[in-house]
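Visitor: Protein chains in written order, with this note's numbering: chain A, 1 to 186; chain B, 1 to 156.
Bear in mind the hints are in silico, worked out from the structure with no lab data behind them.
All residues carry an ideal CB built from backbone N, CA and C; glycine is no exception.
Just to be clear, a hint being listed does not mean it is correct.
To be verified - Here are some of the chain A residues that sit facing chain B, going by a computed Cβ distance under 8 Å:
1) Arg37
2) Leu49
3) Asp52
4) Gln55
5) Arg63
6) Phe66
7) Tyr77
8) Leu158
Residue strings, one per chain:
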Amino acid sequence: MAITASETAVPATGVRSLMMDEAAFACFYRRTARPLRGFLLRSLGDPALADDLLQESFLRLLRSDFETDDEQHRKNYLFRIASNLVKDHFRRRRPEDTLSGDPARRSPGSGEVDLRTDVSKALGDLAPRDRQMLWLAYVEGSSHSEIADILGLKTASLKSMLSRARSRLAAQLRRLGLQPMGRGRT
Amino acid sequence: MKACGFSERVRQAASSGVWTDELRDHCAACEPCAETTLVTAALCEDAAFINDEAPPLPDPTVLWMRARLERRQRTSRRALQGIVWAHRAALFLAGVIGLLLVPKLWPMIAKSADVVESFATVPSLPLTLIGPALVLMMCFAVLALMAIWNELAEEH
Chain A
1 MAITASETAV PATGVRSLMM DEAAFACFYR RTARPLRGFL LRSLGDPALA
51 DDLLQESFLR LLRSDFETDD EQHRKNYLFR IASNLVKDHF RRRRPEDTLS
101 GDPARRSPGS GEVDLRTDVS KALGDLAPRD RQMLWLAYVE GSSHSEIADI
151 LGLKTASLKS MLSRARSRLA AQLRRLGLQP MGRGRT
Chain B
1 MKACGFSERV RQAASSGVWT DELRDHCAAC EPCAETTLVT AALCEDAAFI
51 NDEAPPLPDP TVLWMRARLE RRQRTSRRAL QGIVWAHRAA LFLAGVIGLL
101 LVPKLWPMIA KSADVVESFA TVPSLPLTLI GPALVLMMCF AVLALMAIWN
151 ELAEEH
C-alpha cells in the first residue's frame, strides 16, 4: 500500500513539509524502522547509538521538505539521512573511540548482541561503508543506483567496491566455517 | 570484477531460500554467485536475528509530536523575526539619538550634579529632581541592554 500525501495534514500555521499525516507516518515507520535499525546497528555496532540515530533519522525526514508519493523513494531518502548521520558520527569520533565503534572489537562484557553471531564478527572487520553497501545490497535488495544514491557514491565505482566488499566478507565467513546455502549448509 | 547475469536471481534465492536446480548448478560453478549466496544468506540470517532480539521500537506518535512541535517553534520563530529586528532597530535608534543629545544635555547634567552636591534649597527643587531622573534613565538604559542581551542569548 502506497503512502499518500495528505493535504489535510498541512496545518493552518503554514507547516508545509509534514506531508504525511500521522497515520501514514505510523504505517511508514512500522515498515521501515526495523530494516533501518538493522542497517544502523550493523553500520555502527552500538545498539544504543543505533536507536538514537534511528529516531534522529525519522525526525529529520519529518523536518525536511521532502515530498513524494513513492514509498520506496521515501525509504531511500530515509536511509540516505541515516547514512549521513553514520558518516557524521565516524567523522566526529575521537581517535581513542576508534576501537569502541567496531562491532568485532568490543569487549565481551559489553552485553550487546553483536558478538553473539559470527556474521557480526565478520562484518566488524570491514569498513563502515562496506558494511552499509553489503547490507543495502543483500538484505534490503537495493539496486546499484539506489545504493550509490543513499551512500553518495558513483554508480560506476560502486560495482567494483561492492564486489570487493562481498569477497572480503565471504572470505571472513568461510574462515568462520560458514558455507553457502546453495551448496549445502547455510 | 566481471558481473554475472545470475547474480540477482541468486541473491533472491539465497534470501528467500527457494532454489531451482539451474541456480544451484550455476552457483557450484560460479565463484561470484557462490559468494553472493554465502553473503546474502548470512546477512539475512543476521537481519532476522536482530529483529528477533531487538527491543521494541520507539512509539512513532512521540516522534510525530516532537517533529510537529519543532516545526511549529521554527515557524513561529520565523514569523517573529521581523518584529525582533524592528525592536532591535528601535533600540539602536534610541541609543544613537541619546548619544547625539548628550553634548547638548551635558551642561544641564553638570549643573544638576553641582546642585546635588551643594544640597539644594527649596527654590531650586526642580533642578534637584534632575539627579534622580538621570538615575532612572540610567536604569532604563541598563534594562534595554539586558533585553538586547537576552534576545541575542535566546537566538543562539
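Visitor: Which of the listed hints are broken here?
Guide: 2, 3, 6, 7 and 8
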